[in-house]
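The listed protein sequences correspond, in order, to chains A and B. Adding 242 to a residue's 1-based position in the first sequence gives its number in the working numbering. Adding 3 to a residue's 1-based position in the second sequence gives its number in the working numbering.
Please keep in mind that the hints were generated in silico from the structure rather than gathered at the bench. Some hints here could point you the wrong way.
[Claimed, not checked] In silico DSSO-like cross-links for lysine-lysine, where the CA-CA straight-line distance does not exceed 27 Å:
#1 Lys321/A <-> Lys378/B
#2 Lys346/B <-> Lys290/B
#3 Lys360/A <-> Lys378/B
#4 Lys321/A <-> Lys346/B
#5 Lys276/A <-> Lys290/B
#6 Lys374/B <-> Lys359/A
#7 Lys374/B <-> Lys255/A
#8 Lys225/B <-> Lys321/A
#9 Lys431/A <-> Lys290/B
#10 Lys321/A <-> Lys376/B
#11 Lys332/A <-> Lys377/B
#12 Lys5/B <-> Lys360/A
#13 Lys346/B <-> Lys332/A
#14 Lys377/B <-> Lys359/A
#15 Lys255/A <-> Lys376/B
#16 Lys431/A <-> Lys321/A
#17 Lys290/B <-> Lys359/A
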Amino acid sequence: MNASSNENAVVVKNLEKRFGSFTAVNRVSFEVQKGEIFGFLGPNGAGKSTTIRMLCGILSPTGGTGTVAGFDVRTEPEKIKANIGYMSQKFSLYEDLTVEENINFYSGIYRIPPEKKKERKEWVIEMAGLQDRRHSRTGILSGGWKQRLAFGCAILHEPPIIFLDEPTAGVDPVSRRQFWDLIYELSGKGVTTFVTTHYMDEAEYCNRIGLIYRGELIAIGSPDTLKTEFMQEEVLEVICERPQDAMGEIEKLRGIQEVALFGKGLHVIAQDAGRATSDIRNLLGTTASVEKIAPSLEDVFVSLIESRDRADQPQQEVRK
Amino acid sequence: MKPLRVWAVARNEFIHVIRDPRSLGMGIAIPMLLLLLFGYALTLDVDNVPLVVWDQSESPASRQLVSGFLGSRYFLLRAYVHNYPEMERAVDSGRALMALVIPNDFSGRIESGRLAPVQIIVDGSDSNTATIAMGYADVVALAYSQEVAMETTRRIGGRMIHTPLDLRPRVWFNADMESKNYIIPGLIAVIMMVIAALLTSLTVAREWESGTMEQLISTPLKGSEMILGKLLPYLAIGMLDVLLAVAMGQFLFQVPLRGNVALLFAMAAIFLAGALSLGMVISIVTKSQLLASQLAMVLTFLPSFLLSGFMYAIGNMPHAIQLVTYLIPARYFVALLKGIYLKGIGLEILALEAGLLTVFGGAMVLFTNLKFKKKLV
Numbered sequence: 243m244n245a246s247s248n249e250n251a252v253v254v255k256n257l258e259k260r261f262g263s264f265t266a267v268n269r270v271s272f273e274v275q276k277g278e279i280f281g282f283l284g285p286n287g288a289g290k291s292t293t294i295r296m297l298c299g300i301l302s303p304t305g306g307t308g309t310v311a312g313f314d315v316r317t318e319p320e321k322i323k324a325n326i327g328y329m330s331q332k333f334s335l336y337e338d339l340t341v342e343e344n345i346n347f348y349s350g351i352y353r354i355p356p357e358k359k360k361e362r363k364e365w366v367i368e369m370a371g372l373q374d375r376r377h378s379r380t381g382i383l384s385g386g387w388k389q390r391l392a393f394g395c396a397i398l399h400e401p402p403i404i405f406l407d408e409p410t411a412g413v414d415p416v417s418r419r420q421f422w423d424l425i426y427e428l429s430g431k432g433v434t435t436f437v438t439t440h441y442m443d444e445a446e447y448c449n450r451i452g453l454i455y456r457g458e459l460i461a462i463g464s465p466d467t468l469k470t471e472f473m474q475e476e477v478l479e480v481i482c483e484r485p486q487d488a489m490g491e492i493e494k495l496r497g498i499q500e501v502a503l504f505g506k507g508l509h510v511i512a513q514d515a516g517r518a519t520s521d522i523r524n525l526l527g528t529t530a531s532v533e534k535i536a537p538s539l540e541d542v543f544v545s546l547i548e549s550r551d552r553a554d555q556p557q558q559e560v561r562k
Numbered sequence: 004m005k006p007l008r009v010w011a012v013a014r015n016e017f018i019h020v021i022r023d024p025r026s027l028g029m030g031i032a033i034p035m036l037l038l039l040l041f042g043y044a045l046t047l048d049v050d051n052v053p054l055v056v057w058d059q060s061e062s063p064a065s066r067q068l069v070s071g072f073l074g075s076r077y078f079l080l081r082a083y084v085h086n087y088p089e090m091e092r093a094v095d096s097g098r099a100l101m102a103l104v105i106p107n108d109f110s111g112r113i114e115s116g117r118l119a120p121v122q123i124i125v126d127g128s129d130s131n132t133a134t135i136a137m138g139y140a141d142v143v144a145l146a147y148s149q150e151v152a153m154e155t156t157r158r159i160g161g162r163m164i165h166t167p168l169d170l171r172p173r174v175w176f177n178a179d180m181e182s183k184n185y186i187i188p189g190l191i192a193v194i195m196m197v198i199a200a201l202l203t204s205l206t207v208a209r210e211w212e213s214g215t216m217e218q219l220i221s222t223p224l225k226g227s228e229m230i231l232g233k234l235l236p237y238l239a240i241g242m243l244d245v246l247l248a249v250a251m252g253q254f255l256f257q258v259p260l261r262g263n264v265a266l267l268f269a270m271a272a273i274f275l276a277g278a279l280s281l282g283m284v285i286s287i288v289t290k291s292q293l294l295a296s297q298l299a300m301v302l303t304f305l306p307s308f309l310l311s312g313f314m315y316a317i318g319n320m321p322h323a324i325q326l327v328t329y330l331i332p333a334r335y336f337v338a339l340l341k342g343i344y345l346k347g348i349g350l351e352i353l354a355l356e357a358g359l360l361t362v363f364g365g366a367m368v369l370f371t372n373l374k375f376k377k378k379l380v
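Here chain A stands alone, though its shape is the one from the complex (with noise of 0.2 Å):
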């Protein structure tokens, strides 16, 4: 591994995946580096599961070059699987196995040295919580109990580069929190982190976030980043009373692109927001307030889409 000359961890150009006629995955291009966490954030659908077996290896591209930990996707997925841990988005441990018998395997597996198997096993049975469970049958335990063993065994044999597929779905809010704690800690030992996520929280916890939507990356850069120069419009929140009918009146608007429901009052996002407030006011009176405020990771996303959507209707148009 030329790991001293290099200082990404994945570097992917244009890298095509396509199923028939699908393309899931459209010419994507981006570099992770060494101790980031990058999230890959988009809709069900999108294509990052597909990006994701492709840089584990487990998925053959039909387009572009990419490596992970130096090593080619195409040509040497069996050393990459050496060096990253995988996490799919389905639980995809033993559900008749124990706790201890599954860590077992995977210690097998990959090989774990004697001397340092029961250190492992430990590690991962603690910071899983299930010191009480070990000779429980895993198909017994909770989600959050599943989710944060299923991780300990991806990463029993410390890989320096791990990816997750989604791995917070159907885990609730404090086990989502302590899972994060878990990866900025493995961070900070240099670890670096792909993961893919569809809570726009999570995304921000991420050092930068690559947003795809319909196979193709469509934004890329840390949240801040995304939220200040990846939105050209901008955003006013709207308190009102009645806001549902209120929305139908700002739509009606020149130079309002978006409105929508958001809490008890409206995020109206506008391409000039001087002449968008003064025009809000108008129409709804005085007991409306209207702000202007930083956009939301969610805002920025919507955006983008809408924006992607609106370039390719014609296109789409054309085609039919």
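Keeping the supplied structure of chain A fixed, place chain B upon it in accordance with the hints.
Same frame as chain A, now just chain B:
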């Protein structure tokens, strides 16, 4: 190939089997049950043919004929009947397979040396059994005729005469010509073929269905290590089955085992490796437990049952079908088992069968390794 990884997979698979009563039942209980069932039910011998007798003559001569029938172990007297409807009812209802009608002038005709017709009615709905039963009746009638003829000659000529030909048949390998002696060894081969393929047909597909395979292929575990690790526990179960089956053959069915037991088990191991690999290939290709188990059943049961020479002699099949039988691995194992069991012969005669069986086993293991890819699609 790293032993630690093979061992991890083997231990894992072994735990699955012992924790899952269904696979344990399929691995051990079902083959033993099949052997019992087929071993007892699948007999081609015709013994104790149920017989009704309408003796209109009721004379010493007729009673002597009837006792000729009842004295052989092939016939069992159900009842004496006294009219046609009664006799018909017995045959119609299946209470009797054969009816013997002795006319009332029987005794007179015998004593006066005239031809004495005797009627035999046979239920021909199972033609095979009917043919065999009629053969038995022929033998009894012939013996009776001979006795009468000799008695007459003795009375006339005053001395014993002999029939000119004295045929002394001697049956080798299965002296009593009991069908279980050749059915049980063949049955072991057929049952093990089906069970072995069924057992492994679930292994890989189960991991694809539960999602554990996606995790497994993302590790450095090699395909060959996984396959070997998964084969080993089932090979152990298969060998245990063969051991139990041989023991049942020995103590329950009293089938003579004349040949080399070590050779038998060595051949069984090669055969099982091939059959288990076949099941695993099916599992790898289908990725579905239901489809894999059905396919394994279809691909093994009927071909092994019909084309292995277990039930029907391969030599009697049409030439084209005979060629097909070379593709049925059970064919070689059936030949080996029958040879070792009944003839007590070894590799000096069975070398071809043993060689082809080894080719099958090796090719299947190799093919399984080629078919398994550590990729999702």
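### Task
Provide an ascending list of the numbers of those earlier hints which the structure does not satisfy.
As far as the earlier hints go, 2, 3, 4, 5, 6, 7, 9, 13 and 17 are violated by this structure, in ascending order.
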